[in-house]
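> Sequence:
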Amino acid sequence: MIKHLVVVVLGLVAFGFAITSDANTYIVGDNSGWDISTNLDTWEQGKKFVVDDVLVFQYASTDSVCEVGQESFQTCNTTNVIKCFSDGNTSIPLTSPGERYFFGGNRLYCYSGMKLDVIVERNQSALAEAPLSGVPEAESGGSKNNNPSTIVPSGVVSGRVGSNLVLIGLLGFWGDFIFIF
Numbered sequence: 000m001i002k003h004l005v006v007v008v009l010g011l012v013a014f015g016f017a018i019t020s021d022a023n024t025y026i027v028g029d030n031s032g033w034d035i036s037t038n039l040d041t042w043e044q045g046k047k048f049v050v051d052d053v054l055v056f057q058y059a060s061t062d063s064v065c066e067v068g069q070e071s072f073q074t075c076n077t078t079n080v081i082k083c084f085s086d087g088n089t090s091i092p093l094t095s096p097g098e099r100y101f102f103g104g105n106r107l108y109c110y111s112g113m114k115l116d117v118i119v120e121r122n123q124s125a126l127a128e129a130p131l132s133g134v135p136e137a138e139s140g141g142s143k144n145n146n147p148s149t150i151v152p153s154g155v156v157s158g159r160v161g162s163n164l165v166l167i168g169l170l171g172f173w174g175d176f177i178f179i180f
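Just so you know, we're using numbering that gives the first Met the number 0 here: the sequence shown kicks off at 0 and counts up by one.
Keep in mind that the hints were calculated from the coordinates and are not lab data. Take the hints with a grain of salt, since some may be wrong.
To be verified - Restricting the straight-line Cα-Cα distance to at most 30 Å, the calculated cross-link-like pairs of lysine-lysine (DSSO-like) are: (1) Lys47 <-> Lys114; (2) Lys82 <-> Lys114; (3) Lys82 <-> Lys47.
Build the full structure now, drawing on both the sequences and the hints.
What follows is the structure, given as structure tokens:
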């Protein structure tokens, strides 16, 4: 009986681990990368960004990516930025729910559409998380319609890693449950 209880507990632990490891890594712009010629609105369509996902910006050494607030985003104000990167391969973790704003550090590129705003939703499979301070939160009336029913798999580098572990955990749990009774 104790042996079965241990197996049930281990199954629940595996199930809990599988639930919390549900993150995606997105290469912004897919093969085109973070570039003035990339249609970022089209790239973003149908994607659902959640807490713990990561955005990867790949760009030429002459370009950059800056995170800004909503007002700077709308006006392409390159003097009031949260943080700029110019290493050519920038990974930005989405650590809290809300709207995040990015544009190229060249103001003319921003005016030409090299800008991206993403709505980050709570990760429903993770336990409740407190938002980090200093990261802009979503404002009511966001400008994007992020329809989770039409998730486009292109651009996902590492898929949802937890789905197989969830199935294994559930099968193990129910197998032991049926065996006990």
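> Take the hints in turn and mark each one as holding or not.
Hint check results:
1. Lys47 <-> Lys114: Within the cut-off at roughly 18 Å; holds.
2. Lys82 <-> Lys114: The hint holds at about 14 Å.
3. Lys82 <-> Lys47: Satisfied, since the Cα-Cα distance of roughly 24 Å is no more than 30 Å.
Checked against the numbered hints listed earlier, the structure breaks none of them; every hint is satisfied.
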